[in-house]
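S.K.: Make a model of the complete structure from these sequences and hints.
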Amino acid sequence: MTYALDVLQLLLLLAAAPLVRGVVSCLKARLQNRHGASVWRPYSELRKLFSKEDLVPPTASPVFRLAPVVLFAATVAAAAFVPALHGSALLGATGDFILLAYLLALGRFFLILGATDGGSPFGGMGASREALVSTLAEAPLLLGLTAVAIAAHTATIAGMVRWTLAQQFFHLSAVHALAFAALALVAIAETGRVPVDNPATHLELTMIHEAMVLEYSGPSLAWIEWAGAIKLSAMMALLIALFMPWGMPVSFSVAGLVVAPVVFALKMAAVAAGLALLESGMAKLRMYLVPDFLGMACALSILAVVFTAMMR
Amino acid sequence: MAHILFNSLLVILLALPAVTLLASPFKALRHLSPALLMIGLVAGAVAAARSLCHPCLIASDLSSITPLPFALALDRLSAYFLLLICVVGAPVALFSFSYVERHYTGRRRDWLWALLPLFLLSMVVVVTASTAFAFLFGWELMTLFSAGLILIDGDDSQRRQKLFTYLLMMHAGAAAVVGAFFMFAPHAAGLDFASIRVAAGLMPAGVRTAVFLLAFIGFGTKAGIVPLHVWLPKAHPIAPSPVSALMSGVMLKTAIYGFVRFGFDFLGTGPAWWGYLVLAAGALSGVLGVLYALAEHDIKRLLAYSSVENIGVIYLGLGAALVFTANHAPGWAALALMGALLHSLNHALFKSLLFLGAGALADATHTLDIEELGGLFNRMRTTGTLLLIACCSIAGLPLFNGFVGEWLTFQSFLGGATLAASAPAIVLPLMAGVLALIGGLAAACFVNLYGVAFLGRPRSVEAGDAVEVPLAMRAGMALLAAACVVIGIAPAIILRPLSAIVQDLIPGASLPEGALSIARFVPWLAAMVIAIMLGVALVRRVTRLTATWACGSPALNSRMQYTSTAFTSPIRKVFAQAYRPDRTLSVEPAEQPYFPASISYHSIRTVHFEQALYRPAVNTIVAAANRLRKLQTGNIQVYLLYMFLALVLLLLFMRLA
Amino acid sequence: MGLISLAAAKTLASSAAFLFITVLLMAAAKRTATCIALFSAQCAIITAQILATAYLHHSGEGFLVAILVFAVKVVIIPYALLRVVKGLKTAGEVETSTTPVQSVYITAALIPLAFVVVRPYVRALAVDGQLLAAAVALVLSGAFLMVSRKKALMQVIGLVVLENGIFVAAITTTSGMPLVIEIGIFFDLLIGVLLMGVFVFRIRDTFDHVDVSKLRQLRG
Amino acid sequence: MTLWIPLLVPLLGAFAVLACRHARVAVRVALGVGAIEVAALANAVWAVHSAGVLQSGHYLRADGLTAFFLINIGLIFSLVLAYSVGYLRHIPHGRFSSARWFFALIFLLLFTMLGVYLSANLGMMWIAVETTTLVSALLVGFYNTEGAVEAGWKYLILCTVGIAFALFGTITLYLAAIRSGLPADTALDWTSLMNAAPQMSGARELIKLAFVFVAVGYGTKIGFVPMHSWLPDAHAEAPSPISAMLSAVLLNCALYALLRFDAITSRAIGSGFSHTLLLALGTLSVVVAAFLMVVQRDLKRLLAYSSIEHMGIVAIGIGLGGPLGLYGALLHTFNHSLAKALLFFTAGHIRSKFGTLRMDRIRGMARSLPWTSVALVIGSLAVVGMPPFGLFVSEFVILTAAFTQAHYLLAIVLLAAISVVFGAMLQHFQGMLCGEPQSMGARGKSLFADVAVMTTCAACLLLLGVRIPAVFTGFLHGAMAVLQ
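Chains as they are written, first to last, in our numbering: chain Y, 190 to 501; chain R, 1215 to 1871; chain F, 19 to 238; chain Z, 11 to 494.
In case anyone wonders, no lab produced these hints; they're calculated from the structure.
Only a predicted model underlies this, so the values are computations on that prediction, with no experimental measurement involved.
Heads up, a few of these hints could be off.
To spell it out: a stretch of chain R is covered by chain Y in this simulated footprint if at least three of its residues, at any positions, have a beta carbon under 8 Å from a beta carbon of chain Y; those stretches are [said to hold, decoys possible]:
#1 1587-1598
#2 1607-1619
#3 1664-1675
#4 1695-1703
#5 1759-1771
#6 1782-1788
No farther apart than 27 Å at their CA atoms in a straight line, the calculated lysine-lysine pairs in the DSSO-like style are these [stated by the list, open to error]:
#7 F:Lys48 x F:Lys232
#8 R:Lys1844 x F:Lys48
#9 Y:Lys473 x R:Lys1844
#10 F:Lys104 x F:Lys168
#11 F:Lys28 x F:Lys168
#12 R:Lys1844 x F:Lys232
#13 F:Lys232 x F:Lys107
#14 F:Lys28 x F:Lys107
#15 F:Lys232 x F:Lys168
The beta-carbon is built from N, C-alpha and C at its ideal position, and this holds for glycine as well.
M.R.: Structure, rendered in structure tokens:
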């Protein structure tokens, strides 16, 4: 029975991903006194892209077409780790955070390869910058998750969520705040949101993720966009699950099943609003300030690990 | 059974040089020695696999013949490393089938086929030795034969200078290893491993620390730990590709074997600072190794530096294991040691695959500089896919074997938090961050290597008309790639024997419960990812080949692509402290900087280890020698004076003694 | 017979003093020929000492050894050395690296040093201290001659003086070695000196000088 | 009787060679006498091996130790003789420098060295050592060039002074023996001294004085630092077969004399004093020679310093004492003599082919002299102590002895010196072996005799490194029994 729930949870997450991105862009538009596109625009965009032709540069190799496929598969597998409706997820029960982090790295690895295969300067530029950002984000991501894992005495994500559920909100120590801040900063860098990278623009001075996918079109671009949306919602769901899981049913009950989606939706909306507020409040950082941004995340995660280990 | 197979391996490897030299005139027997080598190595692999399950103690004992006791044994640890040698050796031999034919002729070809088996034999003797004499016999010969193989490729003065550094450092390292072995002499009945184990228990703490430090320095020099790594990027690139595959993949592992044999088998538990020293060396080597690899254009130098990085990762695992044994947590120590041993095997597999790939590239495009390659995937499809697997494995991505070793090491770092003492509880989890940084940098380095070399447009004429390498070379590489993927997807086949080995080495070690969960979990994960990929690939799509929009300029050409320097420049800017290159920018004429006739920019990455550490040492020796040389003045009266002074001094000494 | 034994005792007592005199004169000598003469005088004194000890110990061998010493050291070796000096035809004087006054002072300083060195052994071995001191003085002055003199021949003379010192030490302490050994030693000494003479001639043929301090080609 | 033959044959041989007119006849006579001599030596060695100790008359005696060193001298002498037959082409004519004199002097040198080994009496041994100096001085100065004369003179003077001190040491021991009651005529007999040694412990000071003088005296002949100054000049200027003979056998001869003395002193007053003295001299020699090898420019001078270093290692072996130390030291003398002979033979070839021994002027040897380069590589690997060859085994044993007696500092210094030597040798030889040969004309044709000599050397070295024959170990243990 739990398998069915986990699969349903995963499908829900995949389906809701474009909606989350739509909500974020709509909220940002409202904050900037613009009407903005409707919340359902990403779905129509995906439908449009799926119907278009897939343009491939003549000099490209099969890796160019393989990259979006591997990216999507890896991101979906990573999303399968993240609990949303109840304490555990399809692969979350036994899979641990190291696998989650490195699955995201697998997706990124092939995306960068796809970008360099395009043979255009933009692809190379995007790939080179993405390599820098992901290299610097790797350490704080893992250290942040390690801090939580040490506190919860387990490496599996389901175990961590179950441990946090058992704590009272007010008993959570400052350490969790540090870990949360570090992981939030890393999430922003990973999903390419404003302070690190601007998802909306094609201005070559600033774009990282967009530069890599400039060569893609049609279904390939659709899979990449969808994978990006899944990654955003998965990271948001992970933050919620690890630091604000209250509302998820601990044991299996029909009432819990009705309440959980509503609570989850409210929390996701709150995080989306926070993100929109942050994005319209801040301008994009210069390229060589990103290392300081991620350096801050790294310092926070190191402190988190040290304090968790001390307070054991 | 394993006993007979192992001896047959030894006999074949010993007989091969004679067979090669005898068979060299006959055209028909050209492939005799490579075939024999393959058979021998396969026999060795089977022997190793069998004795992994039930180790047979004395495999072959030549003490009655040799002047000092010389015995070989196959306990579990030796069997594991013998398996490593044979599993990597066989594909390399298969690869060399055609590589050697195409690159070497006549005497050089015979010398190579004569020295290669001896090189493998010396490594087999090192890992299976069970007496100090046998170990050191193999240890010194290993360096000599590798030097011989390097000389086959040519002996101009630049190569000789590098070879000189290599041999001198290896000899200094060997002196430390000799010291480490002989420190047991006063306490041990004989210098065979059994009595050494007994003596290790009775030794005072001071001597044990001295032995550990000597072993650390001796094996660290051979493994290529950062302060002692200076020879590695010099020696590996100048060897023929199959030989550098064996040197980087297997020879470095004999040093790891030696250090594990000393650190865990002989000395057992020691003070915690041993572990921290090894951790520090591992972290330093890991980070600096990959940073130097990022800055390289020559494939072989890049791979050599990346070997330094992977040895650093292995030392991280060993360091964690030493810290755990010091804090009486044998379970976690076993896990960390397992991670280190597994990473040794994984590194042997993908690093030799990468070096063979480099050999294939050199064979196809006659250049090793990735700045001149590009677009090779379309021209060399099999080599391209195989090296894609290799790059994914070395970057430590899931579904490939690099990840499994690093995952075990990560788990052991998490285990650090369960220790009572506060120091390891803080240090070990932080090491997870260091390992993550190393992993990230390695991924960047190898995505750069693969992307620039294989994808995009060819940057030179040779790259343009590159042709796929012959079947034997591809088959050799395919075997290694298959091994990488199999271990990546189904790690259970290697984790079970490994847990038996670590239980042998660390007494009373029961692995923590979730330790081997990856063995059950990864196959399902692989199935799910592959299923999704098939699903996505099956979605019907119309693809059209069309030139991409080039912002209005007529057409994209290969110079518009990102080169390796450009790709890695952001990372190198961020980690500039590690490089400190000395850049020289000269503008002519100097007085009008804004209307230059010519501008030249030159940047050499100063190898500051060599300048700071080794150059002064060599200079002091030469200076001392010159001062001593002045004593030999040539004047007979001064010589007479030396004699009379010596006599007077000795008489005074007699008076006092 | 008393007279002869009285004479023997007297020679034993006085030979040490005579030896010291020859050592000092040799240090001051300017020409090689005088050095050779002083050397043969020294050997004569030693022969007398051997005769005296032989007579006192009534050992027939002693007389044989005395005759041998007289033949080899007093006659043959000086004669050979003089022929070499004449054969060289170059300037006969002794080129030294230290001025004659300095060498005399140094040699003079060596003599008390010899007495100091010898004192513990004289008590332990109950031997005539004077003679033992003379032996050590001979060894030290021979060494000093070899180090300070530049002429090849002077080095030979220094060497032979050193051998004399050792020989005197042997006689005073052990009253004579087995005869065959004594004969062997003298035979060796003789051949050694002859060979050195040959080499001196060779040096003159090849280098047109016999200044040992200029032989500095082989260095490092 | 079996001892007189090997002693007198070379003496007669020397005169026989001098008597023949033509060089070709002289060579043939020399080879014949050489063959007889080797047979006589073999017979003597086998007789000693079976009978334990051979004593003939008052003055000749041979025991286990002598047998061991006779094997060494027999093997090296036959190699040198065979090699010098091919070497005669290079002897320039002048006084004393004709083929007849060359062989005559070699036989005389052999006669004197056998005199040292076979003498039962310390006095006779001293006389024999003195005559070896005289004869080898002539051989060193054989070429009559400026360098040879200078080297010969320095060798003669320095060694004679050294030997004089050794004489004083022998006399002091003789005095100590007489003082503790030995009869005068047998006071210098080695066997009687050994038997009476325990009673001589009374004259402790005298025996220590004797050992100091003997150590300095025979130390000069062995080439311990600081009395080594003559050795590089003599070995560099002498003809190559003679340098091989000097380095491989003459140093061992002086070492044999020192071993005889050390046996008596350690039995009389305990080995404390003498072994510390040997350790000090040995370590000093190893370190100074190692450093000097780094800056050498001439090949034969480099090999001479390598001999000083290896004699230092042997001294350390003897100084450590005990079964391990002694076994290592004796084995090291044998291995070293083989390796050094091989290297000097190759030096002879290089000189004849390139006309110079300046290592920085020799290039591309591997292509112009293939066989000699192989021999040079094998020889240098052996001398540096690389595994498959004998010296690795003996250095291994000596290091084990050092560590077993907890001489950690000494062992670390020895290991460091060996590494410095490895670096120096590698730096010099890689320059010579590789690179493009200048226009050296036709490749040097190598005589069958030379190739045969070099292959026997290399084969023996390899054999002693991998499998020491039982017979040889028997001789080795026989030699050790004498000294224990």
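S.K.: None of the hints should be skipped; say for each whether it holds.
M.R.: The hints, checked one at a time:
no.	hint	result
1	1587-1598	holds (count 4)
2	1607-1619	holds (count 6)
3	1664-1675	holds (count 7)
4	1695-1703	violated (count 0)
5	1759-1771	holds (count 6)
6	1782-1788	holds (count 6)
7	F:Lys48 x F:Lys232	holds (20 Å)
8	R:Lys1844 x F:Lys48	violated (32 Å)
9	Y:Lys473 x R:Lys1844	violated (70 Å)
10	F:Lys104 x F:Lys168	holds (18 Å)
11	F:Lys28 x F:Lys168	violated (38 Å)
12	R:Lys1844 x F:Lys232	holds (17 Å)
13	F:Lys232 x F:Lys107	holds (19 Å)
14	F:Lys28 x F:Lys107	violated (42 Å)
15	F:Lys232 x F:Lys168	holds (9 Å)
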